[in-house]
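Number of protein chains: 2
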Amino acid sequence: MPSESIKIIEKADLVYLESFTSPIYVKHEEEIKNLVHGDFKIAKRWMVEDGKEILNASRSSIVVLLSYGDPYIATTHIELRTRARLEDIETKTIHSTSAITAMIGEIGLQFYKVGKIVTIMSDKKSVTTPYTTIFKNLIEGLHSIILLEYNEDQNFFLDPKTAILSLLDIEKEQKRKVVSNDTFAIVPSRVGMKTQKITSGKFSDLLKMDFGEPPHSIIITGKLHFTESDAINALTDCLSKPADNSNDIKSISIQMIEKYVPMVREALNEIKPFYSDAKEFQDILQNAELYIDDAENFLKEGKDENAVLSIGYADGLVDALRIAKGIDPKM
Amino acid sequence: MPSESIKIIEKADLVYLESFTSPIYVKHEEEIKNLVHGDFKIAKRWMVEDGKEILNASRSSIVVLLSYGDPYIATTHIELRTRARLEDIETKTIHSTSAITAMIGEIGLQFYKVGKIVTIMSDKKSVTTPYTTIFKNLIEGLHSIILLEYNEDQNFFLDPKTAILSLLDIEKEQKRKVVSNDTFAIVPSRVGMKTQKITSGKFSDLLKMDFGEPPHSIIITGKLHFTESDAINALTDCLSKPADNSNDIKSISIQMIEKYVPMVREALNEIKPFYSDAKEFQDILQNAELYIDDAENFLKEGKDENAVLSIGYADGLVDALRIAKGIDPKM
Numbered sequence: 064m065p066s067e068s069i070k071i072i073e074k075a076d077l078v079y080l081e082s083f084t085s086p087i088y089v090k091h092e093e094e095i096k097n098l099v100h101g102d103f104k105i106a107k108r109w110m111v112e113d114g115k116e117i118l119n120a121s122r123s124s125i126v127v128l129l130s131y132g133d134p135y136i137a138t139t140h141i142e143l144r145t146r147a148r149l150e151d152i153e154t155k156t157i158h159s160t161s162a163i164t165a166m167i168g169e170i171g172l173q174f175y176k177v178g179k180i181v182t183i184m185s186d187k188k189s190v191t192t193p194y195t196t197i198f199k200n201l202i203e204g205l206h207s208i209i210l211l212e213y214n215e216d217q218n219f220f221l222d223p224k225t226a227i228l229s230l231l232d233i234e235k236e237q238k239r240k241v242v243s244n245d246t247f248a249i250v251p252s253r254v255g256m257k258t259q260k261i262t263s264g265k266f267s268d269l270l271k272m273d274f275g276e277p278p279h280s281i282i283i284t285g286k287l288h289f290t291e292s293d294a295i296n297a298l299t300d301c302l303s304k305p306a307d308n309s310n311d312i313k314s315i316s317i318q319m320i321e322k323y324v325p326m327v328r329e330a331l332n333e334i335k336p337f338y339s340d341a342k343e344f345q346d347i348l349q350n351a352e353l354y355i356d357d358a359e360n361f362l363k364e365g366k367d368e369n370a371v372l373s374i375g376y377a378d379g380l381v382d383a384l385r386i387a388k389g390i391d392p393k394m
Numbered sequence: 064m065p066s067e068s069i070k071i072i073e074k075a076d077l078v079y080l081e082s083f084t085s086p087i088y089v090k091h092e093e094e095i096k097n098l099v100h101g102d103f104k105i106a107k108r109w110m111v112e113d114g115k116e117i118l119n120a121s122r123s124s125i126v127v128l129l130s131y132g133d134p135y136i137a138t139t140h141i142e143l144r145t146r147a148r149l150e151d152i153e154t155k156t157i158h159s160t161s162a163i164t165a166m167i168g169e170i171g172l173q174f175y176k177v178g179k180i181v182t183i184m185s186d187k188k189s190v191t192t193p194y195t196t197i198f199k200n201l202i203e204g205l206h207s208i209i210l211l212e213y214n215e216d217q218n219f220f221l222d223p224k225t226a227i228l229s230l231l232d233i234e235k236e237q238k239r240k241v242v243s244n245d246t247f248a249i250v251p252s253r254v255g256m257k258t259q260k261i262t263s264g265k266f267s268d269l270l271k272m273d274f275g276e277p278p279h280s281i282i283i284t285g286k287l288h289f290t291e292s293d294a295i296n297a298l299t300d301c302l303s304k305p306a307d308n309s310n311d312i313k314s315i316s317i318q319m320i321e322k323y324v325p326m327v328r329e330a331l332n333e334i335k336p337f338y339s340d341a342k343e344f345q346d347i348l349q350n351a352e353l354y355i356d357d358a359e360n361f362l363k364e365g366k367d368e369n370a371v372l373s374i375g376y377a378d379g380l381v382d383a384l385r386i387a388k389g390i391d392p393k394m
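Quick mapping for you: the protein sequence lines, in order, are chains E and A.
Residue numbers for the first sequence, in the numbering used here: 64 to 394.
Residue numbers for the second sequence, in the numbering used here: 64 to 394.
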């Protein structure tokens, strides 16, 4: 805890400890109670969302709202602060270590290579969005931090294994080859606590583990710099060799070019003999050839959209010639 | 500072304070020196990168390496720790608040909507990569955190205004309409210090400001939830109304469809009269029409690659008919 926080807790008339962004450890609650000279209360989600009691108390006394981590990772806390500011209630925030930066550091990954953060909930239907975000992150070679559902009322914390199984289920449905049993992932458990444990390995190996008490997260790694692989090996319980999940990831554009370039080339070769004597069609055949080459070259230059446009165009040229001769188009 | 850190500094035989990830404030250096009972040294970048002196000292005594923020945001610190672990030197890390999570919270933005982090350096050529990343983040509606170059040896910290001007220069070259004088951005200065100031506004307004002492960062906002706009209004010095920078952003696919759909439609209408009597070509004309419609529909469904493939194909069909009649193709 920041040393500044301790001083403020001791001075406060009323201290709330919120219990919805992370499970509260009994030991921590006891430690905090020992610091408090005023009143102490646990604040559930509804109380912070509603905010009236907390804001009213804050008008005439020193009120502290304690949270694990850097508080404004939770949007509920941001909204309470905005309301306080609009009601002319003075606020002061003491930030603290966020598990988000701490876990990336503990594993030895580069924070500059972290993509959009996702949350996986137990409702299976909601897993399509994180699946798509992980796909997009991997295309860019970025690491995905996956936070897991926590519900204070049911004392429920989504198990990393359940989240992994949900991702594998969505894969069966979406078939974008984003995850498989061989996907390399890291499960940081209880980051910042004495019992911190970080396990890494293939999905298939992680599915055999018991990760113990929450909180847990999952990180699916993107492109790995060698210092990152070295760090994962040295700093985590490594069940299988760190592997680059983004190597086999193919953007939709790449998948299209790989499918259509050979297809259109074949279609072009089939149609050539039909037009060997027709001078007015030679330009079309030549253009088709050039645009197939363009598609491959654009892809190499990272100009994916131009590659797709070119192969579509080449296919159109070829299919026009096929349709005109009563041959089935290839598209 | 975390209360745990104070205890460890007091116990240490040797305390390094590194000076390359952030400028050191004299006041902080004095405060730390007052805590140290052992030796105290400033560690420049080369010393931590080289690491030998620090690791050697750590073999037989308690050595502390102090850093502003959450230390492993800097990859140099990760590498030193990996080396220590490989050489069987025991390490312990006390994380702290990172400016990255703190600034997003202070502004009231949702951390879940932050995209890949970028750094802008004074070398203008290097700004193309951050420009492209900001573009990709905006397409996804995400906020971009821009860190600014700091060079301890030259006591140089890149001014936010210089970074904004560099982005506007790259825009002139790349023309993707990513940034303009109307781009809304936020400049957090000296986050976590007593003199913290957060200024927000259009580029044109920010360019008139003096942001004072470093460190500064820049945030270019993506899609704004109304609670985020409210927070920016309430919590920052707002020079102009918070605006959604991602509204006008168009992915390359969208730009292509907007350009090619009307163009191919016109080309198709021009060519129709030439084939009014040719039965074998009616299917081609019909297919072209269908694929133009497909392109528009795929785009609405978010299937950008299919949209581009379809309009390319339609264009190919139409151009084959044009070339065959000696009319210039449209592609």
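Any given hint could turn out to be false.
What the hints assert, rightly or not - Listed next, the in silico DSSO-like pairs over lysine-lysine satisfying Cα-Cα at most 27 angstroms (straight line): (1) E:70 <-> A:393; (2) E:70 <-> A:96; (3) E:286 <-> E:366; (4) A:238 <-> A:393; (5) E:260 <-> A:260.
Keep in mind that the hints were calculated from the coordinates and are not lab data.
Against the structure, the hints come out as follows:
1. E:70 <-> A:393: Not OK: residue 70 of chain E and residue 393 of chain A at ~73 angstroms, beyond 27 angstroms, violated.
2. E:70 <-> A:96: Holds, at about 22 angstroms.
3. E:286 <-> E:366: holds, 20 angstroms
4. A:238 <-> A:393: holds, 23 angstroms
5. E:260 <-> A:260: With Cα atoms ~38 angstroms apart, residue 260 of chain E and residue 260 of chain A exceed 27 angstroms; violated.
Of the numbered hints stated above, those contradicted by the structure are hints 1, 5, listed in ascending order.
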